[in-house]
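Build out the structure end to end from the sequences listed, making use of the hints.
As given, the protein sequences belong to chains S and F, one line each in that order. What the first sequence shows, in the working numbering, is residues 122 to 289, in sequence order. What the second sequence shows, in the working numbering, is residues 122 to 289, in sequence order.
Calculated directly from the structure, the hints in this document are not laboratory data. Everything hinted at is true.
Identical copies carry no separate label here, and so any pair may be met within one copy or between two of them.
In silico DSSO-like pairs for lysine-lysine, Cα to Cα no more than 30 angstroms straight-line: (1) Lys209 - Lys174; (2) Lys165 - Lys243; (3) Lys124 - Lys182; (4) Lys209 - Lys255; (5) Lys147 - Lys286; (6) Lys147 - Lys174; (7) Lys255 - Lys243; (8) Lys182 - Lys243; (9) Lys142 - Lys165; (10) Lys286 - Lys182; (11) Lys286 - Lys174; (12) Lys243 - Lys209; (13) Lys243 - Lys169; (14) Lys142 - Lys174; (15) Lys169 - Lys124; (16) Lys182 - Lys169; (17) Lys243 - Lys216.
Chain residues, written in single-letter form:
2 protein chains.
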Amino acid sequence: MAKIATVVTNMVEDVEYTSPKEALEKAGHELVTIDVKAGTVEGKHGEKIVIDKGIDDVDAKGFDALFIPGGFSPDILRADDRVVAFVKTFMDDMKPVFAICHGPQLLITARTLDGRDATGYKSIQVDLENAGAKFHDEEVFVCQNQLVTSRTPDDLPAFNREIVKLLG
Amino acid sequence: MAKIATVVTNMVEDVEYTSPKEALEKAGHELVTIDVKAGTVEGKHGEKIVIDKGIDDVDAKGFDALFIPGGFSPDILRADDRVVAFVKTFMDDMKPVFAICHGPQLLITARTLDGRDATGYKSIQVDLENAGAKFHDEEVFVCQNQLVTSRTPDDLPAFNREIVKLLG
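Below is the structure:
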C-alpha cells in the first residue's frame, strides 16, 4: 500500500481533498498531509484539515506518491521554495503524482511539465500551455502512467478511479 | 482626466483595490468597476465593492486605461473569455494598464506579455516567464510607458506614484 504525500493549505477546494482521500484510504493507502508547518488549515467551504507534517520535517524519499488538491491552496503553496522543491522531486523521480483543478500550478512553478500531457482548471490552461504541456480538455488525463490530472470537482469520479487504478 | 476600467471580483486583495482607487480619484480620475455582472462583491478581508457594470455592458473603446487589482480575483476573472478579450484590447491598443500582485494573470491568459517587462506576486513568477515576459523583482516596473506592475501590498506607494504619473 502506498504512502501518499498530500500538499495542502488554507483555501483548498474542500471536496478535491476529501473525496480522493476517501477513495485512496478505502483502497488501503495512507495520506500524510503536509503544509509549510504542522497545524490545522481550513478549506474554502469550511473543512478543517489537520496538517501532519511541516515541510522541513519531510523527505520526498519517504513517500510513494504525491497528491495536490486544488482551490487556491496550490497557489499559496508555490510561493514557498521548499514546497516547490519537494514537488519537483516526485516529478523528477517519476513517482505517481495526482493533481486536480489548480493543483498543476505547483508543477508549473517546479518547471516539470515541459513535453507532458495534462489537464487542469480552465483558468490555468494558458499557464499549462506556456509551461510546455499539451492541454487536454478531458475529465481526466493519465500521462506516462505517472501523472494524473483533472479539471474540476465534477471530474472527481474519473480522477479517483484513475489514481486508485494507477497505484494498483 | 482618465476613465479607468477596473476589473474586479470576489476575493480581491482589498487594499490593492482601495489604495490605488484613492490615489487615482484624488488625481481626478474616474474608476468604473467591472465584473462578469453588476452587483456587489467582497474582498478577501471583507471590503464590499459595488460593481458598476457587467462585462456585456462595456466596450473597451469607452475607457482610457485598465486597472487590475490582485488577490484571487484575477484568477476567477480569467476563467471568463469575455473578460480576457476585454483586457486584451487594452494591451493591443497600448492603452495604460496597471496590474498588481496576481493582476498579471489576466494578461498572461490574454497572451499579451511576450517580450514585455513585468513584475508580480512571487507565486506567478514562473507563469510570467513562461509567458515570455522578463521578470523584475522590483517594487514597480514601468514597461514602454504603458504597463505598470507591482508585486504586493507593500509596493503600493510606488505603484500608486507611477500609475498617477503615467496618466499625467
